[in-house]
Amino acid sequence: MNDSAAVLSPERLKKATGFLLFLKTVIARAYPRVIGAQREKSWMFFDVFLPMLAVSAYVFVYRAINAPEEYIGFVVVGGAMTAFWLNVLWSMSSQLYWEKEQGNLALYIMAPNSMMAILLGMALGGMLMTALRAAAILILGSLLFNVQYQVVSFWQLFIVFILTMVALYGMGMMSASLFLLLSREAWHLANLAQEPIYLVSGFYFPIKSFSFWVAAAASIIPLTLGLDAMRQLVFPSGPTLGFLTVTIELLILVILSLVFLIGARYMLVHLEKLAIREGRLTESRR
Amino acid sequence: MAIQDLKMSSTDVSAQIESRPTGRGFLRSFRMAAWLGWQIESNWTDPFLFAIYSFVKPLSTAAILVVMYGIITQGNFQSPIFTYIYLGNAFYIYVGAVMAGVSWAVIDDREHYKTLKYMYIAPIHIPMYLFGRGVAKFLVGSISVLITIVFGTLFLHLKIDLATVNWLLFFVALFIGVLMLAFMGLILAGVTLLIAHHVWFLGEAVAGALYLFSGAIFPLEVLPLAIRWIGYVIPITYWLELLRRALVGEVADAFPTLVNLSNNQILAILVGLTLFFAILSVFVFRWAEHLARERGLIDMVTNY
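Protein chains in written order, with the working numbering: chain A, 382 to 667; chain B, 295 to 598.
Quick caveat, the hints were computed from the structure, so don't treat them as lab data. Any given hint might turn out to be false.
Below, in silico cross-link-like pairs of lysine-lysine (DSBU-like), each with a Cα-Cα straight-line distance of 35 Å or less [as the list claims (entries may be wrong)]:
| # | chain 1 | residue 1 | chain 2 | residue 2 |
| --- | --- | --- | --- | --- |
| 1 | B | 453 | A | 654 |
| 2 | A | 654 | A | 396 |
| 3 | A | 654 | B | 411 |
| 4 | B | 351 | B | 411 |
| 5 | A | 395 | A | 654 |
| 6 | A | 589 | B | 351 |
| 7 | B | 453 | A | 589 |
| 8 | A | 422 | B | 453 |
Distance windows between CB atoms, simulated [claimed, not checked]:
| # | chain 1 | residue 1 | chain 2 | residue 2 | range |
| --- | --- | --- | --- | --- | --- |
| 9 | A | 404 | B | 520 | 26 to 34 Å |
| 10 | A | 512 | B | 556 | 47 to 55 Å |
| 11 | B | 408 | A | 569 | 50 to 58 Å |
Note that the structure is a prediction, hence the values are computed from the model and not measured. The beta carbon of each residue, even a glycine, is placed where N, CA and C say it ideally should be.
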């Protein structure tokens, strides 16, 4: 009895505050994404198996029409990056909607932590978890279809990838706030944003194939420029098929990262207030 | 006391038999489920957004293939391979719509609306109910197929001459194919009743695998020899071939996959495989349902 009282005594509790609380929240929210997901080994199979089916189908289409071998590589790299788009769509943007459906959202808001830290934890965890799946698709696809790479600069490739991830998950954090206001339509809208984005972002072909303005408009999705820059850096004919130079694409990715991260902060504050005022945080319209 | 028990149990049994739907009951289960499915599919938004939602997705998938093809062939849309790819992809919309539509009803009712247990205590025929739930997706899928083909004909030189189309073959093949997909959906629905973790992926995984092996968007000869045989045992391969032959006969002749088989032979294979799947689906669903009842899975909520 005395022991439990001692454990619960306020003097013995070390409360995290400020930045430490923020950091702990980020780690706590990232933890189930990274560790929990790895425990479910069969998910790994489905996460790799499904994109591999699409990759294989598109590879065989290119083979049926006698496309140059580099296009096979374009499909494999694009297929690997679909894992990130699906993760942002279903596990970032829609996440607060799922939490609302399951009754966790109110708990998040009641707890003495920052919602921004929760979103950041979701993003970091999701990014790490998805990187494993994307790597598996990339390795498997490259081996199966004998894709040859010729990397121009590993450093540039690394920076492009990191910036693409920051901008992409920043966009996911921003859209998560928007989804906070949605109900049943959230699922449908996320579902709608799959194939059209595969199309306009050039997941399976060079984005340069579109007219300049279509490609420019599609560049609002960070994966469009990220993929284009990565292809330019890993395939010999990449630069000739690139939309813009890698340097310009890097610069735009920096701008997109800043815009989306700052936008996420403001949108979250604004839409959380709106959702509270309109009583949408606990509603469940199935 | 024993006689009273016997009387009670025989009354219970006859009451159960009376409440089991037959004939008109099957039809009612189907009709009401179709109406319910349509409401679920469409009433989450206004008709305009629903229309956009229904058409954008399939048109985008078609457009990916069109752009891929256009880049490599410099826009040579007159080639038979383009018609082959485009039509195969357009009609494949039915696979996702009908097959996944029927099996998805189990997930929707059990996990989302939590009403599957009420369906089981209602006087309805569950397989007919599931078929009915697939009707809404079939309707939306049909409009998507139509729009995709009209788009191809108007803007991509898809050569479909309405005067030379073999309409009888087309509608017979379409009808049998949709039935076959519904039976495959029932098999998936049975499996879905038994599993928790992957119900969300199951329909997508099966549809994706069939997309790859059925020669929907490339002739089977492109597949490596070791896996090509899979395409020959999948009914969808024959179904898509018949639809292509009915709409544009010369396109099908341009590829060697089933060129040695006549329309009637392919139709006979399709009917045979559909019958096989019909019988298999009845047994698989009954077995899965029995296990699900025994293990208490009908009202399971996994929160996955």
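Hints and how they fare:
1. A threshold of 35 Å between alpha carbons decides the hint, and for residue 453 of chain B with residue 654 of chain A the separation of about 56 Å lies outside it, so the pair is violated.
2. Among the hinted pairs, residue 654 of chain A with residue 396 of chain A is consistent with the structure: their alpha-carbon atoms are about 27 Å apart, no more than 35 Å.
3. Taken as a hint, the residue 654 of chain A and residue 411 of chain B pair is broken in the structure, with Cα atoms around 38 Å apart against an allowance of 35 Å.
4. Taking the CA atoms of residue 351 of chain B and residue 411 of chain B, the gap is near 33 Å; set against the 35 Å cutoff, the hint holds.
5. Restraint check for residue 395 of chain A and residue 654 of chain A: satisfied, since their Cα atoms lie roughly 30 Å apart, inside the 35 Å limit.
6. Distance hint between residue 589 of chain A and residue 351 of chain B is fulfilled; the C-alpha atoms sit about 22 Å from each other, no more than 35 Å.
7. Proposed proximity of residue 453 of chain B and residue 589 of chain A is supported: the alpha carbons are some 28 Å apart, at most 35 Å.
8. Simply put, residue 422 of chain A and residue 453 of chain B have alpha-carbon atoms about 48 Å apart, too far for the 35 Å limit, and the pair is violated.
9. One distance hint, 26 to 34 Å for the beta-carbon pair residue 404 of chain A and residue 520 of chain B, is violated here, with the actual separation near 52 Å.
10. Checked against the hint of 47 to 55 Å, the pair residue 512 of chain A and residue 556 of chain B passes, with Cβ atoms roughly 52 Å apart.
11. Range check, residue 408 of chain B to residue 569 of chain A: about 20 Å between beta-carbon atoms, so the 50 to 58 Å window is missed.
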